[in-house]
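Residue numbers (numbering that gives the first Met the number 0): 0 to 220.
Think of the hints as simulated: they come from the structure by calculation, not from any bench. Note that CB positions come from ideal geometry on N, CA and C, so glycine has one too. One or more of the hints may lead you astray.
Unchecked claim - Computed list of lysine-lysine pairs in DSSO-like fashion (alpha-carbon distance at most 27 angstroms, straight line):
| hint | residue 1 | residue 2 |
| --- | --- | --- |
| 1 | K213 | K146 |
| 2 | K104 | K201 |
| 3 | K109 | K213 |
| 4 | K159 | K1 |
| 5 | K146 | K207 |
| 6 | K1 | K156 |
| 7 | K60 | K104 |
| 8 | K1 | K213 |
| 9 | K159 | K109 |
| 10 | K146 | K156 |
| 11 | K104 | K159 |
| 12 | K146 | K201 |
| 13 | K157 | K146 |
| 14 | K156 | K213 |
| 15 | K206 | K146 |
| 16 | K206 | K1 |
| 17 | K206 | K104 |
| 18 | K213 | K201 |
| 19 | K109 | K156 |
| 20 | K157 | K60 |
| 21 | K159 | K213 |
| 22 | K109 | K80 |
| 23 | K1 | K109 |
| 24 | K1 | K60 |
| 25 | K213 | K157 |
| 26 | K1 | K146 |
| 27 | K60 | K201 |
| 28 | K1 | K207 |
| 29 | K104 | K157 |
| 30 | K104 | K80 |
| 31 | K1 | K104 |
| 32 | K60 | K80 |
| 33 | K109 | K157 |
| 34 | K60 | K159 |
| 35 | K1 | K201 |
What the hints assert, rightly or not - Have a look at the derived ranges for each label pair, beta carbon to beta carbon:
| hint | residue 1 | residue 2 | range |
| --- | --- | --- | --- |
| 36 | E121 | K207 | 34 to 40 angstroms |
| 37 | Y149 | D84 | 26 to 32 angstroms |
| 38 | D204 | F147 | 20 to 26 angstroms |
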Amino acid sequence: MKHLIAPSVLACDFARLPEEIALLNDSAADWIHLDVMDGRFVPNLTFGMPLVEAINRLTDKTLDVHLMMLEPERYVEAFQKAGADWISVHYEACPHLHRNLQQIKATGAKAGVAINPHTPVEALFPVLEEIDLVIIMSVNPGFGGQKFIYHSIDKIKKLKEEIIIRNLPTLIEVDGGVGMQNAQVLLQAGADVLVAGSAVFKAPDPKKAIQQLKNIGGLAL
Numbered sequence: 000m001k002h003l004i005a006p007s008v009l010a011c012d013f014a015r016l017p018e019e020i021a022l023l024n025d026s027a028a029d030w031i032h033l034d035v036m037d038g039r040f041v042p043n044l045t046f047g048m049p050l051v052e053a054i055n056r057l058t059d060k061t062l063d064v065h066l067m068m069l070e071p072e073r074y075v076e077a078f079q080k081a082g083a084d085w086i087s088v089h090y091e092a093c094p095h096l097h098r099n100l101q102q103i104k105a106t107g108a109k110a111g112v113a114i115n116p117h118t119p120v121e122a123l124f125p126v127l128e129e130i131d132l133v134i135i136m137s138v139n140p141g142f143g144g145q146k147f148i149y150h151s152i153d154k155i156k157k158l159k160e161e162i163i164i165r166n167l168p169t170l171i172e173v174d175g176g177v178g179m180q181n182a183q184v185l186l187q188a189g190a191d192v193l194v195a196g197s198a199v200f201k202a203p204d205p206k207k208a209i210q211q212l213k214n215i216g217g218l219a220l
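Could you put together the complete structure from these sequences and hints?
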């Protein structure tokens, strides 16, 4: 499968949101990544269901909703109704992760799990068959524009090997500090989806930046 590019609207100009989404609609972007932060699990607040619903009205692209929040089970159904196609929760915020995954799937959305830089990928192995998407956080969650944490590459490799061994369709997404400087090595390590925020929206030509990320080739492990 050709890798997917998921621009993160956290880095866009919210005063020009319709124009920014129109730009993505006219680009090679595959998904639109939406970071929902609650100010409790992470030290920042972003947006909630109304913005997801608004973006859903502006695009036909897949909405990849990343819940950086405590007690995500309280809001899963509402985010799916707002337009989320993929919903990811954090391993660190879900003491009953298997139940969380089942809840997401029951809404009709695809179920994802994100792990912070300090969390080993092996923590997900007991429920890997239940996971449609694993988000490897390559920065500490909570803020955009951070520097990439390079030990994330080893985590991608370990996870990809396990996915191959089990012959699973689980996708690996990388979120944080992703750009032209590291996209190739991430794809070679086994990434399937690249989330790019600043690398897209801060670029002189965002559509060109997306196309460049899309054009990068990846090799198997």
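These are the hints, each one checked on the structure:
| no. | hint | in the structure |
| --- | --- | --- |
| 1 | K213 <-> K146 | 21 angstroms, holds |
| 2 | K104 <-> K201 | 35 angstroms, violated |
| 3 | K109 <-> K213 | 23 angstroms, holds |
| 4 | K159 <-> K1 | 15 angstroms, holds |
| 5 | K146 <-> K207 | 22 angstroms, holds |
| 6 | K1 <-> K156 | 18 angstroms, holds |
| 7 | K60 <-> K104 | 20 angstroms, holds |
| 8 | K1 <-> K213 | 9 angstroms, holds |
| 9 | K159 <-> K109 | 19 angstroms, holds |
| 10 | K146 <-> K156 | 20 angstroms, holds |
| 11 | K104 <-> K159 | 22 angstroms, holds |
| 12 | K146 <-> K201 | 15 angstroms, holds |
| 13 | K157 <-> K146 | 22 angstroms, holds |
| 14 | K156 <-> K213 | 21 angstroms, holds |
| 15 | K206 <-> K146 | 22 angstroms, holds |
| 16 | K206 <-> K1 | 18 angstroms, holds |
| 17 | K206 <-> K104 | 33 angstroms, violated |
| 18 | K213 <-> K201 | 17 angstroms, holds |
| 19 | K109 <-> K156 | 23 angstroms, holds |
| 20 | K157 <-> K60 | 30 angstroms, violated |
| 21 | K159 <-> K213 | 20 angstroms, holds |
| 22 | K109 <-> K80 | 13 angstroms, holds |
| 23 | K1 <-> K109 | 19 angstroms, holds |
| 24 | K1 <-> K60 | 17 angstroms, holds |
| 25 | K213 <-> K157 | 24 angstroms, holds |
| 26 | K1 <-> K146 | 26 angstroms, holds |
| 27 | K60 <-> K201 | 21 angstroms, holds |
| 28 | K1 <-> K207 | 18 angstroms, holds |
| 29 | K104 <-> K157 | 25 angstroms, holds |
| 30 | K104 <-> K80 | 13 angstroms, holds |
| 31 | K1 <-> K104 | 25 angstroms, holds |
| 32 | K60 <-> K80 | 16 angstroms, holds |
| 33 | K109 <-> K157 | 23 angstroms, holds |
| 34 | K60 <-> K159 | 26 angstroms, holds |
| 35 | K1 <-> K201 | 25 angstroms, holds |
| 36 | E121 <-> K207: 34 to 40 angstroms | 39 angstroms, holds |
| 37 | Y149 <-> D84: 26 to 32 angstroms | 30 angstroms, holds |
| 38 | D204 <-> F147: 20 to 26 angstroms | 22 angstroms, holds |
Going down the numbered hints, you'll see the structure goes against 2, 17, 20, while the others check out.
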